Amino acid sequence: MRATAVRMGLLALPLVFFALFFAYPVAAIVGRGLTDGGHWQFGRLTAVLGDPDILHVLGFTLWQAAASTGLTLLVALPGAYVFARFDFPGKQLLRAVVTVPFVLPTVVVGSAFLALVGRGGLLDDLWGARLDTTVWAILLAHVFFNYAVVVRTVGGLWSQLDPRQEEAARVLGAGRFAAWRRVTLPALGPAVAAAALMVFLFTFTSFGVVQILGGPTFSTLEVEIYRQTADFLDLPTAAVLTVIQFVAVLGLLALHAWTVRRRETTLRLVDAARTAHRPRGGGQWALLWGTVAVIVVLLVAPLVVLVVRSFAGPDGYGTVFYTTLGSAASADSTFAVAPLDALWNSLAYGAAATAIALVVGGLAAAALTRRGGRLMRGLDALLMLPLGVSAVTVGFGFLITLDKPPLDLRSSWWLVPLAQALVGVPFVVRTMLPVLRAVDGRLREAAAVLGASPWRVWREVDLPMVRRALLIAAGFAFAVSLGEFGATVFIARPDHPTLPVAVARLLGRAGELNYGQAMALSTLLMVVCAGALLALERLRTDHSGEF
Amino acid sequence: MGHTSRTTTRRAAAAVAVAAVTMGGLAACDSSGGDAADAKTVTLVSHDSFNASKSVLADFEKQSGYKVRILKGGDAGKAVNQAILSKDNPQGDVFFGIDNTLLSRGLKAGVFAPYQAKGLDTVPDALQLDKAGHHVTPLDYGDTCVNYDRAYFAAHHLAPPKTFDDLIKPQYKNLLVTENSATSSPGLAFQLGTVAAYGQDGWQGYWKKLKANGVEVVDGWEQAYNERFSGSAAGKGKGDKPLVVSYASSPPVEVLGKKPEPKQAPTGVATGTCFRQIEFGGLLTGAKNEKGGKALLDFLLSRKFQEDMPLQMFVNPVRKDAAVPALFTKYGATIGKPATVAPETITAHREQWIKQWSSLVLK
Numbered sequence: 397m398r399a400t401a402v403r404m405g406l407l408a409l410p411l412v413f414f415a416l417f418f419a420y421p422v423a424a425i426v427g428r429g430l431t432d433g434g435h436w437q438f439g440r441l442t443a444v445l446g447d448p449d450i451l452h453v454l455g456f457t458l459w460q461a462a463a464s465t466g467l468t469l470l471v472a473l474p475g476a477y478v479f480a481r482f483d484f485p486g487k488q489l490l491r492a493v494v495t496v497p498f499v500l501p502t503v504v505v506g507s508a509f510l511a512l513v514g515r516g517g518l519l520d521d522l523w524g525a526r527l528d529t530t531v532w533a534i535l536l537a538h539v540f541f542n543y544a545v546v547v548r549t550v551g552g553l554w555s556q557l558d559p560r561q562e563e564a565a566r567v568l569g570a571g572r573f574a575a576w577r578r579v580t581l582p583a584l585g586p587a588v589a590a591a592a593l594m595v596f597l598f599t600f601t602s603f604g605v606v607q608i609l610g611g612p613t614f615s616t617l618e619v620e621i622y623r624q625t626a627d628f629l630d631l632p633t634a635a636v637l638t639v640i641q642f643v644a645v646l647g648l649l650a651l652h653a654w655t656v657r658r659r660e661t662t663l664r665l666v667d668a669a670r671t672a673h674r675p676r677g678g679g680q681w682a683l684l685w686g687t688v689a690v691i692v693v694l695l696v697a698p699l700v701v702l703v704v705r706s707f708a709g710p711d712g713y714g715t716v717f718y719t720t721l722g723s724a725a726s727a728d729s730t731f732a733v734a735p736l737d738a739l740w741n742s743l744a745y746g747a748a749a750t751a752i753a754l755v756v757g758g759l760a761a762a763a764l765t766r767r768g769g770r771l772m773r774g775l776d777a778l779l780m781l782p783l784g785v786s787a788v789t790v791g792f793g794f795l796i797t798l799d800k801p802p803l804d805l806r807s808s809w810w811l812v813p814l815a816q817a818l819v820g821v822p823f824v825v826r827t828m829l830p831v832l833r834a835v836d837g838r839l840r841e842a843a844a845v846l847g848a849s850p851w852r853v854w855r856e857v858d859l860p861m862v863r864r865a866l867l868i869a870a871g872f873a874f875a876v877s878l879g880e881f882g883a884t885v886f887i888a889r890p891d892h893p894t895l896p897v898a899v900a901r902l903l904g905r906a907g908e909l910n911y912g913q914a915m916a917l918s919t920l921l922m923v924v925c926a927g928a929l930l931a932l933e934r935l936r937t938d939h940s941g942e943f
Numbered sequence: 472m473g474h475t476s477r478t479t480t481r482r483a484a485a486a487v488a489v490a491a492v493t494m495g496g497l498a499a500c501d502s503s504g505g506d507a508a509d510a511k512t513v514t515l516v517s518h519d520s521f522n523a524s525k526s527v528l529a530d531f532e533k534q535s536g537y538k539v540r541i542l543k544g545g546d547a548g549k550a551v552n553q554a555i556l557s558k559d560n561p562q563g564d565v566f567f568g569i570d571n572t573l574l575s576r577g578l579k580a581g582v583f584a585p586y587q588a589k590g591l592d593t594v595p596d597a598l599q600l601d602k603a604g605h606h607v608t609p610l611d612y613g614d615t616c617v618n619y620d621r622a623y624f625a626a627h628h629l630a631p632p633k634t635f636d637d638l639i640k641p642q643y644k645n646l647l648v649t650e651n652s653a654t655s656s657p658g659l660a661f662q663l664g665t666v667a668a669y670g671q672d673g674w675q676g677y678w679k680k681l682k683a684n685g686v687e688v689v690d691g692w693e694q695a696y697n698e699r700f701s702g703s704a705a706g707k708g709k710g711d712k713p714l715v716v717s718y719a720s721s722p723p724v725e726v727l728g729k730k731p732e733p734k735q736a737p738t739g740v741a742t743g744t745c746f747r748q749i750e751f752g753g754l755l756t757g758a759k760n761e762k763g764g765k766a767l768l769d770f771l772l773s774r775k776f777q778e779d780m781p782l783q784m785f786v787n788p789v790r791k792d793a794a795v796p797a798l799f800t801k802y803g804a805t806i807g808k809p810a811t812v813a814p815e816t817i818t819a820h821r822e823q824w825i826k827q828w829s830s831l832v833l834k
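Heads up: the sequence lines are chains A and B, in that order. Remember, our numbering sits 396 above the position in the first sequence when you count from 1. Remember, our numbering sits 471 above the position in the second sequence when you count from 1.
Calculated from the structure, these hints are not laboratory results. Source: prediction; values computed, not measured. The C-beta atom is built at its ideal place from N, Cα and C for all residues, glycine as well. Not one of these hints is a red herring.
Covered by chain A, according to a simulated footprint, are these stretches of chain B (three or more residues, beta-carbon under 8 Å):
1) 549 to 556
2) 648 to 662
3) 689 to 697
4) 718 to 725
Calculated lysine-lysine pairs in the DSS-like style (CA-CA distance at most 25 Å, straight line):
5) B/K579 <-> B/K762
6) B/K808 <-> B/K640
7) A/K800 <-> B/K558
8) B/K525 <-> B/K511
9) A/K800 <-> B/K759
10) B/K538 <-> A/K800
11) B/K762 <-> A/K800
12) B/K775 <-> B/K538
13) B/K589 <-> B/K759
14) B/K558 <-> B/K762
15) B/K633 <-> B/K680
16) B/K775 <-> B/K801
17) B/K511 <-> A/K800
18) B/K679 <-> B/K640
19) B/K765 <-> B/K602
With the rest of the complex left out, here is chain A:
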C-alpha cells in the first residue's frame, strides 16, 4: 500500500509533464485534423490507408529503420564490449568522440558523407565507387549517428557486470562463446533491447539523412508528415499519418516490453573500474584495434572532413572562417550571430533541458523500478513515445495549445528546453531502468527493515549503484539538447539561436564565407560536445570506489 502511494507520488511529475507537453499538444493537433465541425471523420483513415503510395512509404520507413537498427547493433556491440572491458590510453576521449555525431546537424553530416561516399568523394577517387542515392548511404549514416547509443547504453551496464560469473561458467567447462551466450548475453538483454528500441525510433523518424543521402526518391513517413503539415497545411492527412506513426511505434513498444519482460533480472553489479583491464592476448588486441579502425573509418573520417573544410579558406588553409565569425560585413545585421552568444545559448538550453530530463526521467525510472501491472508497463512505453513522433506534429501542437496563460509559453525561453527534454527523458529512463532493476531488491528491504525511509533507501542503496547510469543519462540528455534542431528551429526565439540553428542559417546563404563559417561553427559544436562529455566522465570517476 505504502509503496504504491510512494510510486504514485514519484510518477505525478512525469505524468503531468508528459500530459502537458506531449499528450495534450499532439492530441489537439491530431484532433483538429480528424474532426470537422465537431464531428469525427474516421473515414479519412481508410482513405489515406488505401493509398498505395502511403503504404509504400510506410513499408520503406519500417524496413530502413529495422535494417539500420540491425546494422548499428552489429557494428556497435563489439565496441560496447571494448569500452566496457578494456583499459587503454585515450579511452575517455574516444568515448566522447563517438558521441559527437549525435549532436551534429544532419545537413552538415550529410554534406560530410557526400564528400566521402558521394560523387568525387574519397571512395570514388580510390575505387570509383559511389554510395549516395543508394540505401547504403542512409544505413551507414544511421550507424554514424547511433553508434554511441549502443556503446553507451549497453556498455554502461556491461562494465558493471561481474566478469567472475562468466569465468565461473568457463571453469565449469563451458566454451568461451557458450559462456558468453548463456551468462553475459541474458544479463545484457534488457540493455541491448533498450538500445535497439531507441535506435529504431530514431531512424524510424529520420528525415534529413534520408533526404540528403538517399535523394528525393526515398521518402519516409516523417517526410510525408512534414510536407502535409508544414507545406500543404493538410491537417487531415497529416493527422492520419501521425496516427499511423503512433500505431507503428506502439506496436514496437509492445514488442519491446514483451521481449524484455522476462529478461530483466537482478544482477550482481560491481564497480566498473574493477572489470576493465588491459587487453590480453592477440584476440583481445585484435578486437581493440578492429573497433578503433571501425570508429576511425565510420565516425572520425566524416568529422575530419568537416574540420578540414572549416580551415580551407579562400587563400589556402587558415583560420579566416573562425576569425570572421559574427564580425566584419554583417556585424550590424540581425543575421549575424556572435559565436559566443550561440554557444552560450546552446549551453544554457542544454543545462536546463538536462536538468528537466533528469528530474522527470529519474522520477519515472525510480517509480518504474519495481515492475508493476499492465498500467505501469503502459506508462513505461508511453514515456518512449516522443521519440517516435514527428517534431513538426509536436511543434504545431505547442502552437495551438500552449498559447494561453498560465501556459502561454509560445514565445517563452522555457519552451525550447521543455521540448528538448521531451526527447531526453526516454534516454534517461532507458539508461537508468536496466541498472535500477538489476539492483537486488533485498538490499532495499534490508535497509527498510533497519528503519531507513524510502528516500534514504534510494539515496543510500540505489543512487550509488546508478550514479554511473545517471551520468550516462545526463550526457545523453545534454547531447540530445545540444543537437536538437527540428523542434528548436521552430520555437527558438531568433535572438537566442543555438549553434545548430546558426549553422543552418549560414548554410542557407550562398557564398564561400557563409559556408566556411557554417563548418567552423559545426567544428565548435563538436568541440563543445566532446568537452562537456569529457567533463562528465571526470565526474563519473570521482566516486567510483563505493561499491
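Could you slot chain B onto chain A? The hints should help.
Chain B alone, transformed into the frame defined by chain A:
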C-alpha cells in the same frame, strides 16, 4: 491476483485524476487570458530568412517609441501555416514574408486585417496583388532563376542557356541540377515558372523532355548550390553541374566580401528562366498592439528599411524610389519578363502539381 488488480485500479484512477486535473486546469484558463499586451512592444512574426540592420531597427524604435520583438517560425511555408493555425490568438502584431505562392491561403484563412501602409503609391501596380482589400502590403521581390558557371561555359566554348526552351537542347544535356519541388521552395518556384511558360497542359510535357535531357534532382538548395553546382565558391569547384536552380541575387552574393572586387561575378543568370516571388507583410487579425503594428508596417515600407533590405535578405525593394546597392547593379541581372502564376491558381493546384511532378520526375 486480487491484490494486483486492486492496486492496478487505484493506479489507473490516480493517473486519470492527474490527467483530468491537468486538462481541467488547461480548459479553465481557456480564453480568460487577459495579459495586457505591452503597449510599448510591437511583435513581428516572420520566417528564418528575415533580417535587418540593427541600426535601422534601432532608429525605428527611437522614433516610434516601440520596442521591436522578432519571432521566426521556420521556413516560409511553416511560418505562414503557423500564422494560420494561431489566427484566433496571433503570436504577434505584424507578419512579414507571405509570398505569392502562399498568399491565397493566408487571405482565405483571414489572417490579415486591412491596412493601407504609408508609401504604397511608390510601389508598382504589378506588385500589388491585393489592391482591392489592402490586407497585405508588398514589401520585397526576388526571382528564382537558373544560374550558370561562367568558367565552365567559357572553357567549353558554349553559350550559356537563356530560356526554358534552351534547357532541353542537346548541348545542355546532363548539366542542370534542381531541387525537389515537394521539399524545396526554389524547386517549386522553378516548376511554377515552367507552368507559367508552358501552361497547365504543357508543363508536364516540358518536364518529360527535361528529364530526358538529364536534369538531376536533389533534395534542397544547400546540396544543389553548395555541393553540386560547379560555380559556387563553397563547392571549391568540385561540383559537377554548371547549371543550377538558384536566385537572381546569387551572383552578387558570390562576390560579397571578395577582395579585390572582380570585374564580373563568377556566375550568371539565365534571364529567361525566372519565376518572380513577391513577399508581403500584413497586420495580423486580432493584433494586441494594432497601433504599433501599423507603425511597423509603415516602417517596413519606408525608404530606410527598403534600402537596407537588399544586402540583408538579398531581395529587391518594392519602392520605385529606393536605391539599390552597387553590388546588385554591378553584378546582378535585370529580369525583364519574369514568369508569374496568379496566387489563386497556385493555391488551387499546388498539391496536385507537386504530386504530378513527383511521379513524373522522381519515379
